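Chemist: Residue-level listing of the chains:
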Amino acid sequence: MTASGVDTTMDLAGIRLGNPVLTASGTFGYGLELAPFLDLRRLGGIVTKSVSLEPRSGNLPQRIAETPAGMLNAIGLENVGVEAFLKEKLPALPEGVPVVASVFETEIERYARVCERLAADGRVAGVEINASCPHVKAGGIEFGQRPESLAELVRATRRASRLPLLLKLSPNVTSIAEMARVCEGEGADGISLINTLQALDVDVETRRPRLRNVLGGLSGPAIRPVALRCVFQAARAVAIPICGIGGIGSAEDAIKFLLCGASAVQVGTASYLNPMAAGEVADGIAAYAVRHGFARVRDLVGALELPG
Amino acid sequence: MTASGVDTTMDLAGIRLGNPVLTASGTFGYGLELAPFLDLRRLGGIVTKSVSLEPRSGNLPQRIAETPAGMLNAIGLENVGVEAFLKEKLPALPEGVPVVASVFETEIERYARVCERLAADGRVAGVEINASCPHVKAGGIEFGQRPESLAELVRATRRASRLPLLLKLSPNVTSIAEMARVCEGEGADGISLINTLQALDVDVETRRPRLRNVLGGLSGPAIRPVALRCVFQAARAVAIPICGIGGIGSAEDAIKFLLCGASAVQVGTASYLNPMAAGEVADGIAAYAVRHGFARVRDLVGALELPG
Amino acid sequence: MSDPRLPIRCDAEVVENRAESGPNRRLRLRVPGWPGSEPGQFVMLSPGARAAVERQDPLLPRPMAVYRSAPRDGGGEIEILFKTSGRGTALLAAARPGERVGVVGPLGRGFPEPPAGRPALLVGGGTGIASLHDLAARAAKRGPTRVLLGARTASDLMGEADFEALGVELRVATEDGSRGTRGRVTELLEEALAGAPRASVFACGPTPMMRRAAELAAARGSACFVSLENPMACGFGVCLGCAAPRAVGGFVLVCRDGPVFEAGEIDWERLA
Amino acid sequence: MSDPRLPIRCDAEVVENRAESGPNRRLRLRVPGWPGSEPGQFVMLSPGARAAVERQDPLLPRPMAVYRSAPRDGGGEIEILFKTSGRGTALLAAARPGERVGVVGPLGRGFPEPPAGRPALLVGGGTGIASLHDLAARAAKRGPTRVLLGARTASDLMGEADFEALGVELRVATEDGSRGTRGRVTELLEEALAGAPRASVFACGPTPMMRRAAELAAARGSACFVSLENPMACGFGVCLGCAAPRAVGGFVLVCRDGPVFEAGEIDWERLA
Ligand SMILES: Cc1cc2nc3c(=O)[nH]c(=O)nc-3n(C[C@H](O)[C@H](O)[C@H](O)COP(=O)(O)OP(=O)(O)OC[C@H]3O[C@@H](n4cnc5c(N)ncnc54)[C@H](O)[C@@H]3O)c2cc1C
Ligand SMILES: Cc1cc2nc3c(=O)[nH]c(=O)nc-3n(C[C@H](O)[C@H](O)[C@H](O)COP(=O)(O)OP(=O)(O)OC[C@H]3O[C@@H](n4cnc5c(N)ncnc54)[C@H](O)[C@@H]3O)c2cc1C
Ligand SMILES: Cc1cc2nc3c(=O)[nH]c(=O)nc-3n(C[C@H](O)[C@H](O)[C@H](O)COP(=O)(O)O)c2cc1C
Ligand SMILES: Cc1cc2nc3c(=O)[nH]c(=O)nc-3n(C[C@H](O)[C@H](O)[C@H](O)COP(=O)(O)O)c2cc1C
Ligand code: FES
Ligand code: FES
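Protein chains in written order, with our numbering: chain A, 4 to 311; chain B, 4 to 311; chain C, -14 to 257; chain D, -14 to 257.
Read the hints as simulated data drawn from the structure, not as lab findings. A quick note: this is a predicted structure, and the numbers were derived from the prediction, not measured. Backbone N, C-alpha and C fix where the C-beta goes; we use that ideal spot for every residue, glycine too. Mixed in with the good hints, there may be bad ones.
[As the list claims (entries may be wrong)] Not everything, but these chain C residues come out facing chain B in the computed CB check (under 10 Å):
hint, residue
1, ASN215
2, GLY234
3, TRP253
4, ARG255
[As the list claims (entries may be wrong)] Residues of chain D placed beyond 12 Å of chain C at every Cβ, according to the derived structure:
hint, residue
5, LEU44
6, ARG53
7, ARG72
8, GLY128
9, GLU149
10, VAL153
11, ARG164
12, PRO191
13, ARG205
The following block holds chain A by itself, in its conformation from the complex (with noise of 0.2 Å):
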């Protein structure tokens, strides 16, 4: 419930939310750096920045390049590692705020274990397991763009824990609809999407690549309308829950998502530009909800009109 009396809660694949908008894996740290300028219980959930069993180094600069409308990343994956997050992390976010724990592994059998210990947690909500890094050498092909593979990975983390259980799709497949009934079909609670875009830029002065991994993911508003059609695309394949993400800044930008079959969205890039932005695109939907007479935010997923 808000001020303006719109129901805003929201239903997850079993995650209970006060509004339906996350923070994105990697986006948003561990949640605590961004405290400072907004009060993280005005979030509906914070997907943490995606951990492995052990802690990770990451990639040399640049890590980082701008593009037309976007940004172009390859970190690598750094992370504390599991036990670091749960020690340290993880106790200092506010309660109320319900804590997706993102997930990334090199083998499957790594990625059963982090949920395992994940699973032991009271405070973990949900694991979103991140199917897809574009920018990582190690492995080379990702799990998200084999079927054969992406269903192994969900039989595993599947039978790892109770938690509720999103995977995080790659948009770099043939076919996206294939895969999100591949998560289905192997037991998801829901399906997150989506992550980067595989690209690359170049520097033509040093006539180098801009990023020292060469490739790396392009995120930010450049990449909404392929992120839209993934989310449609794949809300038409399967009836479990389907979390929206790509170039989300606005509430405008979050309400296309809930329209095309969205329970939920997360703000990515957005939040370095600012920090405040999550809190205000929250704020925004449920505004929208009362001037569009929507007594639940919840009436607007799938809500798109479709011409005849």
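Put chains B, C and D with the ligands on the given structure of chain A with help from the hints.
Modeler: Just chains B, C and D with the ligands now, kept in the frame of chain A:
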């Protein structure tokens, strides 16, 4: 050769170009529309709007929508048909500028028949097969999205004519390298990429898709980093020449594609903003070559320096 | 149809950019090599990115009618009346004198010559008013001319004083009655048609308004020409983005075959 | 290390924006709620899109040192000296008084207190000069302070007069000799170090310059602090985009752990 004394000539899959800058199919009409703005002979070549066996009508409005640093389009297959193209459009183009005829159809046999018709006209310097079209028999999935149907398409069009054969690939695939290898394996002379990214946008006031066709193709600066990545990956996968396309509006943009391994480039959406864009890009490339001490623009192809 | 002149592409200099009324602004541009334009033709404007930054967003140029144009040393000066609504026009609204704006034009086919000696009824709604000024000037020389302007409210009206200055008969309607008669401009048209047999109607404005004007004219056996406003990417016939369905099937390109059409050519049902 | 104050995010108002020298400009911003900053801290600036248009391109905010800041009714006024080089700073250069610029800051950890009574040598190259003003002001109060400024050519220099006004000892070097001594500012540093045992060095500028300064200081056993300039997306430690390799392995975040570091912490080889 240019005033600057730089050798700007390029060989693209057997097509001799005065400079490496062509116009992208569907963004330059049949060439004549831009004659008031630009001496067409300044162009390396013209790729004409895709034609089919019969004339075709297109989609109802809205057909286009603006997105962050890009645009969406769903024109439909609207074109005058190959006969009218050969009779009315082609003869009106000035001698001395290579014309690459773009072809699309919904069945492989029809693709082949269009190629046969084009081969009969000496004015056609080459064909570009637009593989981003729904394969009717394969239930609407694009020819360029499945290796098997792509292979069939290349084989049939290869047999249909001796003209230099360019395959224009869809970026909406899991592995662009795999698709490139299929084209090379079946005897294509070159590859053009990328076509538009499948995307969607929504009007939150009407709660309708912005395009009547719901889904559309994303083009413009927003997709340039994705296009560069595709060219980079394809260039490493095959030996046949590559024509780079995607968000090119300046000489700098074009040079990025050359450095990533493209032998030529196509200017698309940028021609809408500035009908003289392709000519300015061509001039700018020569100027860059002078400034950086390259005697031949050709020497820029694949000259990207990768970090050790 | 008037023959379109060969269009040019250039960087025009902002001479003046001032508030007109409500959200509307008046922009004067010095256009080197401007060949002149016919009533109803338009230009594609690229609001220069602030400073010398190449603009990538908003990406597309904005179609705008040539409100008025006059020859100036080796070129011309054109006037645009525009409504600040979205991102592109917001940039345009912020263009300062001396700054550059990309111009492509003149584009499209304008209005036909109003038949000599016969009454001409010009109907403009909202920003559509901007397409009618030069036509009114021409019509006034050829026969009895009445200009009917409509808007939601008084502050949305543009160019009213200029039309008065042309010495045409002017009527105004606003939906809230804040100026002229309360109601829709098409109601003024209905009256006017009743009193003017053999009149020709020239309309530009929101699609429903033009459609209604077409119906009224048809009922009276009057010719009716409309100027359509479809979204455009190029403005010169290459993107096929501006297609409008024809009554006989198929499509016309608003930027190339229009923006002015004989009302009967258009399939109004499928246009909206 | 000085403790960073809690940063804020707000729309600041442009008070003044004028040419400083060559490509450099001086921007004064009124920042509501500004908590003040330590020498060496920075802000992330989002050049407001012209008019009220939400800016999507160029997308990222630009990191800029707080050149000077002073309290103002309920907030503060901060001064930025910046070089117009690319698309973002071009937008910043065009921001008019009264317009808004997004500010996030103060960010990062600034320079340590110069040790009392001991000589302080401040070395600034190019835009790096802008990070040193408040440090120079503080150092001047604590001991003999010499400021060495370097640039390619005279017109690239910023803030020279302000440093003079601080009553510090000022030396200038330009590569073309158009101002001060001809050569690199690190040559001035070499001399200065020779004459000032137990001096501390504070450097900001191009990486090669800072690296050289670090070597020279190390050779003399002097402490050396550098302020790094890595590309940044967020500025407050969440994107991990600004990482710099540490001498002992792993990475530091320039925005959060720096931008100021003890020169020995950095793996200069792998940084460039
Ligand atoms: C032939 C023609 C002549 C026109 N003459 C005038 C004029 O003289 N004065 C005036 O104020 N307006 C005129 N318009 C409408 C004008 O083009 C739009 O108001 C303008 O493009 C809106 O841009 P924006 O950035 O404010 O809106 P945004 O919402 O940012 O525009 C987004 C996209 O939609 C397109 N678009 C939005 N509204 C319209 C519209 N009504 N018609 C066409 N495209 C639209 C834009 O061009 C852009 O591509 C004309 C349109 C056409 C087709
Ligand atoms: C902590 C810190 C303090 C700084 N203080 C100042 C200052 O006081 N005055 C000043 O003139 N400059 C300063 N800089 C450098 C300034 O951030 C860049 O000059 C500016 O970002 C260039 O933006 P642009 O739009 O002109 O260039 P573009 O080429 O358009 O920038 C493209 C991208 O690269 C980044 N980038 C380009 N050059 C640099 C650079 N040298 N350092 C970091 N990022 C860069 C931009 O931020 C942007 O993300 C500082 C940098 C840092 C990290
Ligand atoms: C710098 C950066 C780091 C990221 N790190 C992660 C990560 O660790 N795990 C993950 O699942 N996604 C990561 N992402 C992807 C985002 O969560 C999000 O899916 C993507 O950026 C698209 O959303 P946006 O356009 O709103 O940023 C990262 C994105 C950026 C820009
Ligand atoms: C309106 C429009 C129509 C297009 N029509 C075609 C077409 O008929 N055949 C084709 O192969 N590509 C077509 N394209 C794709 C372009 O040729 C090009 O591959 C794509 O737009 C990416 O390049 P760009 O970003 O420079 O526009 C079209 C693109 C646009 C925007
Ligand atoms: S606007 Fe491009 S064809 Fe009409
Ligand atoms: S700039 Fe984002 S972590 Fe330092």
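Chemist: Now tell me, hint by hint, if it's right for this structure.
Modeler: For each hint, the structure was consulted:
Hint status for ASN215(C) relative to chain B: holds, with the closest Cβ pair at about 6 Å, below 10 Å. Using the Cβ-Cβ criterion of 10 Å, the hint placing GLY234(C) at the interface with chain B is satisfied: the shortest such distance is roughly 8 Å. With 10 Å as the threshold, the beta carbon of TRP253(C) stays out of range of chain B, its nearest partner Cβ sitting at about 12 Å, so the hint is violated. Interface restraint check: ARG255(C) against chain B, minimum CB-CB distance 6 Å, threshold 10 Å, status holds.
Its closest Cβ contact with chain C, about 9 Å, brings LEU44(D) to no more than 12 Å, contrary to its assignment away from the interface. Every beta carbon of chain C lies more than 12 Å from that of ARG53(D), the smallest distance being close to 25 Å; the non-interface claim holds. Remark: the non-interface label on ARG72(D) conflicts with the geometry, its nearest Cβ contact in chain C lying 5 Å away (cut-off 12 Å). Listed as a non-interface residue, GLY128(D) keeps its Cβ farther than 12 Å from every Cβ of chain C; the least gap is roughly 43 Å.
For GLU149(D), the shortest C-beta to C-beta distance to chain C comes to about 31 Å, beyond the 12 Å cut-off, and the non-interface label holds. The claim that VAL153(D) is not at the interface with chain C holds, since no C-beta of that chain comes within 12 Å of its own (minimum 35 Å). With a cut of 12 Å on Cβ distances, ARG164(D) stays outside the contact zone with chain C, its closest approach being about 27 Å. Remark: the non-interface label on PRO191(D) is consistent with the geometry, its nearest Cβ contact in chain C lying 24 Å away (cut-off 12 Å).
A cut-off of 12 Å between C-beta atoms confirms that ARG205(D) is not in contact with chain C; the least separation is 45 Å.
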